[in-house]
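**Q** In order, the protein sequence lines correspond to chains U and F.
In terms of this note's numbering, the first sequence opens at residue 16 and continues consecutively.
In terms of this note's numbering, the second sequence opens at residue 16 and continues consecutively.
Simulated from the structure, these hints should not be mistaken for laboratory data.
Misleading hints may appear alongside valid ones.
[Stated by the list, open to error] Taking CB as the label site, the calculated pair distances span:
hint : chain 1 : residue 1 : chain 2 : residue 2 : range
1    : F       : Lys260    : U       : Lys75     : 49 to 59 Å
2    : U       : Glu415    : F       : Phe202    : 44 to 54 Å
3    : U       : Leu178    : F       : Gln403    : 35 to 45 Å
4    : U       : Ala407    : F       : Arg112    : 22 to 32 Å
5    : U       : Arg87     : F       : Glu400    : 24 to 34 Å
6    : U       : Glu50     : F       : Ala407    : 45 to 55 Å
7    : U       : Pro416    : F       : Ala407    : 42 to 52 Å
8    : U       : Ala407    : F       : Ser247    : 19 to 29 Å
9    : F       : Ala139    : U       : Pro416    : 26 to 36 Å
10   : U       : Ser73     : F       : Gln403    : 28 to 38 Å
11   : F       : Gln403    : U       : Arg211    : 37 to 47 Å
12   : F       : Lys140    : U       : Asp339    : 36 to 46 Å
13   : U       : Glu109    : F       : Ala407    : 42 to 52 Å
The C-beta atom is built at its ideal place from N, Cα and C for all residues, glycine as well.
Protein chains: 2
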Amino acid sequence: MSARRDSAAAPAPAPLAGQPFFRSRWAAAPAHVRELGLDAGLPGGFRAAGVVAGLKPSGKADVGLLVCDAERPTSAARFTASATAAAPVLLTRERCRLEALRAILANSGCANAATGRRGLDDAAKTQGAAALAAGVDPAEVALASTGGISQYLAVDAMLKGILQAREQLRADGDVDFQQAIQTTDAFEKRANLEVRLPSGNVRLSAQCKGAGMISPLFATMLCFIETDAALSAETADLLLGVCVKRSFERVSVDGQLSTNDTAILMCSGASGVSVAPASEDELRLGEALDALLRELAIMLVADGEGAGRIARVIVRDAPGAGADTVETAARAVANSPLVKAALHSGDPNWGRIVQAIGGALAQHARALGRGDAPAAPLALDVAIEGIQVCRAGAAVPYDEPALARAVARAEVEYEVTMRTRPPGRDTIGAETEVFFSDLSHEYVTLNADYST
Amino acid sequence: MSARRDSAAAPAPAPLAGQPFFRSRWAAAPAHVRELGLDAGLPGGFRAAGVVAGLKPSGKADVGLLVCDAERPTSAARFTASATAAAPVLLTRERCRLEALRAILANSGCANAATGRRGLDDAAKTQGAAALAAGVDPAEVALASTGGISQYLAVDAMLKGILQAREQLRADGDVDFQQAIQTTDAFEKRANLEVRLPSGNVRLSAQCKGAGMISPLFATMLCFIETDAALSAETADLLLGVCVKRSFERVSVDGQLSTNDTAILMCSGASGVSVAPASEDELRLGEALDALLRELAIMLVADGEGAGRIARVIVRDAPGAGADTVETAARAVANSPLVKAALHSGDPNWGRIVQAIGGALAQHARALGRGDAPAAPLALDVAIEGIQVCRAGAAVPYDEPALARAVARAEVEYEVTMRTRPPGRDTIGAETEVFFSDLSHEYVTLNADYST
Numbered sequence: 016m017s018a019r020r021d022s023a024a025a026p027a028p029a030p031l032a033g034q035p036f037f038r039s040r041w042a043a044a045p046a047h048v049r050e051l052g053l054d055a056g057l058p059g060g061f062r063a064a065g066v067v068a069g070l071k072p073s074g075k076a077d078v079g080l081l082v083c084d085a086e087r088p089t090s091a092a093r094f095t096a097s098a099t100a101a102a103p104v105l106l107t108r109e110r111c112r113l114e115a116l117r118a119i120l121a122n123s124g125c126a127n128a129a130t131g132r133r134g135l136d137d138a139a140k141t142q143g144a145a146a147l148a149a150g151v152d153p154a155e156v157a158l159a160s161t162g163g164i165s166q167y168l169a170v171d172a173m174l175k176g177i178l179q180a181r182e183q184l185r186a187d188g189d190v191d192f193q194q195a196i197q198t199t200d201a202f203e204k205r206a207n208l209e210v211r212l213p214s215g216n217v218r219l220s221a222q223c224k225g226a227g228m229i230s231p232l233f234a235t236m237l238c239f240i241e242t243d244a245a246l247s248a249e250t251a252d253l254l255l256g257v258c259v260k261r262s263f264e265r266v267s268v269d270g271q272l273s274t275n276d277t278a279i280l281m282c283s284g285a286s287g288v289s290v291a292p293a294s295e296d297e298l299r300l301g302e303a304l305d306a307l308l309r310e311l312a313i314m315l316v317a318d319g320e321g322a323g324r325i326a327r328v329i330v331r332d333a334p335g336a337g338a339d340t341v342e343t344a345a346r347a348v349a350n351s352p353l354v355k356a357a358l359h360s361g362d363p364n365w366g367r368i369v370q371a372i373g374g375a376l377a378q379h380a381r382a383l384g385r386g387d388a389p390a391a392p393l394a395l396d397v398a399i400e401g402i403q404v405c406r407a408g409a410a411v412p413y414d415e416p417a418l419a420r421a422v423a424r425a426e427v428e429y430e431v432t433m434r435t436r437p438p439g440r441d442t443i444g445a446e447t448e449v450f451f452s453d454l455s456h457e458y459v460t461l462n463a464d465y466s467t
Numbered sequence: 016m017s018a019r020r021d022s023a024a025a026p027a028p029a030p031l032a033g034q035p036f037f038r039s040r041w042a043a044a045p046a047h048v049r050e051l052g053l054d055a056g057l058p059g060g061f062r063a064a065g066v067v068a069g070l071k072p073s074g075k076a077d078v079g080l081l082v083c084d085a086e087r088p089t090s091a092a093r094f095t096a097s098a099t100a101a102a103p104v105l106l107t108r109e110r111c112r113l114e115a116l117r118a119i120l121a122n123s124g125c126a127n128a129a130t131g132r133r134g135l136d137d138a139a140k141t142q143g144a145a146a147l148a149a150g151v152d153p154a155e156v157a158l159a160s161t162g163g164i165s166q167y168l169a170v171d172a173m174l175k176g177i178l179q180a181r182e183q184l185r186a187d188g189d190v191d192f193q194q195a196i197q198t199t200d201a202f203e204k205r206a207n208l209e210v211r212l213p214s215g216n217v218r219l220s221a222q223c224k225g226a227g228m229i230s231p232l233f234a235t236m237l238c239f240i241e242t243d244a245a246l247s248a249e250t251a252d253l254l255l256g257v258c259v260k261r262s263f264e265r266v267s268v269d270g271q272l273s274t275n276d277t278a279i280l281m282c283s284g285a286s287g288v289s290v291a292p293a294s295e296d297e298l299r300l301g302e303a304l305d306a307l308l309r310e311l312a313i314m315l316v317a318d319g320e321g322a323g324r325i326a327r328v329i330v331r332d333a334p335g336a337g338a339d340t341v342e343t344a345a346r347a348v349a350n351s352p353l354v355k356a357a358l359h360s361g362d363p364n365w366g367r368i369v370q371a372i373g374g375a376l377a378q379h380a381r382a383l384g385r386g387d388a389p390a391a392p393l394a395l396d397v398a399i400e401g402i403q404v405c406r407a408g409a410a411v412p413y414d415e416p417a418l419a420r421a422v423a424r425a426e427v428e429y430e431v432t433m434r435t436r437p438p439g440r441d442t443i444g445a446e447t448e449v450f451f452s453d454l455s456h457e458y459v460t461l462n463a464d465y466s467t
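Working from the sequences, and respecting the hints, build out all of it.
**A** This is the structure in structure tokens:
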């Protein structure tokens, strides 16, 4: 979203080539999901392209077009909740037939955000051109932009790019399309999967970009998912909504909600496999989509600007407490620069976790008008990689060498149990998780050296 | 609060020696306030000491004792709102006669936080020993600690330190006392002032520490203020409360509320000048205290971990909007790692200001149950050092070389006007300010390389 990756400063993260897509222990592939190669192409009914329109100074691909050729496609979408949402988000959210999209026009190199009325007009022009190029109605074309905020869109370059992309639409154009939506991403976040449903096999593909300004609320950065399964628009919306909540809404690179987050699921039905509501097919497809989006979300964190190590924090509360409390606590840990700096250096500095939660809950209580500091401190339990370090708010002895080894690995897991209410009830308390990256010198370099 | 300053990595900030105390354009000294030398000693009625008790691996001073010898001193205090407040905060807040304190026992090298019941017992032991040393009641001894969270206090070392400090109490012991409360501070934050009141001259002294984990809510890091004016406890509380709200509560280094923030004002009355409620004396003393605490707060930010450049963001709202909206927006700007990284490199990347406010207001609205994203984006006006860059949410042309020069200075000011409600009413909208520091490589170094 924000900066060019400075290849001189950035250690190159491991590329995807040769590695399985499902790599994180936090997002295992279900047994009925099979990974296809990255060159397997899009599901039936889809074509895509990515071209160089000149929006990026680097001269890399920057305009992507994706078209669904099905007669009656269905779709679903989620967008950023930002109060300063970008023009393409506003236009798509308000003017498009989100349940029946036939095309996506995406660009990098310019977010078209903080551009006011002119930004909306510019977006509308490109939407019209893309509709013409794809042979569909403008209301069937979703727009998605990423890049610098506060810059106006180079409309003429976009229009030329759209014409060029139209000529290059191909069933395996997802490779180029992915290139066109990337900004500071160090590696591509893309998958082609086969899903075995009781009624037959279907395909799932996704192209996704992230890197900086990543703390999605309600939706995400840019992620486009295609399937050749036949879903009603309602089923598509239900599945996308549930899976987005369990994936992109649970990650943070820098706690910064973007102006342009967009996730779109498109269904061509080209497989002939129909997924009925509340069927075993729906359940299985949902499991596959869930695993796909969770792995993509974790990849976003792993490729967060400057990220070298990633973590999951799980926060549970004692019975009776609200979901907002665990959410506030988990976000506070994930976005604390002190916790993130400790994660960076493999330092088991769990005092910072306690501090981050204590501070955030105080601010949360104040925001909700629940008054000031509590009389007694929170009785927190904290464990890192299963090693308990704090019980009921106080330090406990632990195996220090074992903990040092655990926090030096590529993925670190923190578990926090809060006791904001008296224990003893037998109801189940709230629980949440947030995935996050570390705070590194490279994050500072990337975001300090980038000039508007 | 957190890390040792790595002198190899840290460029040495300018020391205080030879410079006036009031240096920032954001905190000018009132005409009736005169700066005394840093060796002027404490106001009448106070003695202090700072000693090496061995709590810090560096072997620097770590235990400070401050005693008021007046017959009937008055005092006031403010503490962190953290839900995981440290043992010294809990004990002082709940057990002390905060309106009539006679002594302060302060230590660095250990925060005594996340230490549970044992931490409270340890704190009580040192409180008892300090009371004995000062010849006062334990309930008249305030405790303040700073250092690593999750470590238990070395009580025996503390007790020896207290005995040693008792022998060294002196009227000019504020120099040593200041040393004993510092952690990663690169320069001392201390002042000796003379204040001309209509009823006579009085003295004000303050010793303050900051550096990291700085985002005070309700109170602050550690700050001790002494005066020889005679104030009722109610007046002292009123003045401290108002001035803390306009100073320490308006700064952020890293958005991290500490477990140990403490600010205490002590009044000996030794000058014989009595400050009556609602008098001209009270007004003038209040102005002096206000300027003193604002300059100290700005110094905290300037000496924030890794800070190289500091900023003020002012957020105004159109008439009719609530104070919570401008507060949320200003904090979001001050704590955004993207805004802070741009500040670090002198980059006028104002799109990140728009993004930070848009994201925070969306999360704020959701926390308050006010629903999802608004239909239209916020019509923000943004100016940097008086140069308007954004009007009603859209980029406007500006003098780029002038802006580049402005953001390269040591202090940068951002002004944001929001229009969350329709304009046209003639009531005055809410307004707030937050001072903050940049995000630098040194912050990462300081907080990544420090091990518990």
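**Q** Indicate whether the distance between the beta carbons of Arg87 (chain U) and Glu400 (chain F) respects the range 24 to 34 Å.
**A** violated, 56 Å
**Q** May I ask you to test the hint 37 to 47 Å on the CB atoms belonging to Gln403 (chain F) and Arg211 (chain U)?
**A** violated, 59 Å
**Q** Assuming the hint says 36 to 46 Å, is it satisfied by the Cβ distance from Lys140 (chain F) to Asp339 (chain U) or not?
**A** holds, 39 Å
**Q** Does the Cβ-Cβ separation between Ser73 (chain U) and Gln403 (chain F) fall within 28 to 38 Å?
**A** holds, 31 Å
**Q** State, for the Cβ atoms of Leu178 (chain U) and Gln403 (chain F), whether the hinted interval 35 to 45 Å holds or is violated.
**A** 38 Å Cβ-Cβ, so the 35 to 45 Å window holds.
**Q** Using the C-beta atoms of Glu415 (chain U) and Phe202 (chain F), is the stated range 44 to 54 Å upheld?
**A** This hint is violated: roughly 35 Å between Cβ atoms.
**Q** Cβ-Cβ distance between Ala407 (chain U) and Ser247 (chain F): within 19 to 29 Å?
**A** Violated, since Ala407 (chain U) and Ser247 (chain F) (Cβ atoms, about 41 Å apart) do not stay within the stated range.
**Q** Per the hint of 45 to 55 Å, is the separation of the Cβ atoms of Glu50 (chain U) and Ala407 (chain F) within bounds?
**A** holds, 49 Å
**Q** Does 42 to 52 Å hold as the CB distance between Glu109 (chain U) and Ala407 (chain F), or does it fail?
**A** violated, 19 Å
**Q** Does the hinted range 22 to 32 Å hold for Ala407 (chain U) and Arg112 (chain F) at CB?
**A** Once the Cβ atoms are compared, 30 Å apart, the range 22 to 32 Å for Arg112 (chain F) and Ala407 (chain U) holds.
**Q** Do Ala139 (chain F) and Pro416 (chain U) keep their Cβ atoms within the hinted range of 26 to 36 Å?
**A** Because 34 Å falls inside the window, the suggested range holds.
**Q** Quick check: does the Cβ-Cβ distance between Pro416 (chain U) and Ala407 (chain F) fall within 42 to 52 Å?
**A** Violated, at about 59 Å.
Going down the numbered hints, you'll see the structure goes against 2, 5, 7, 8, 11 and 13, while the others check out.
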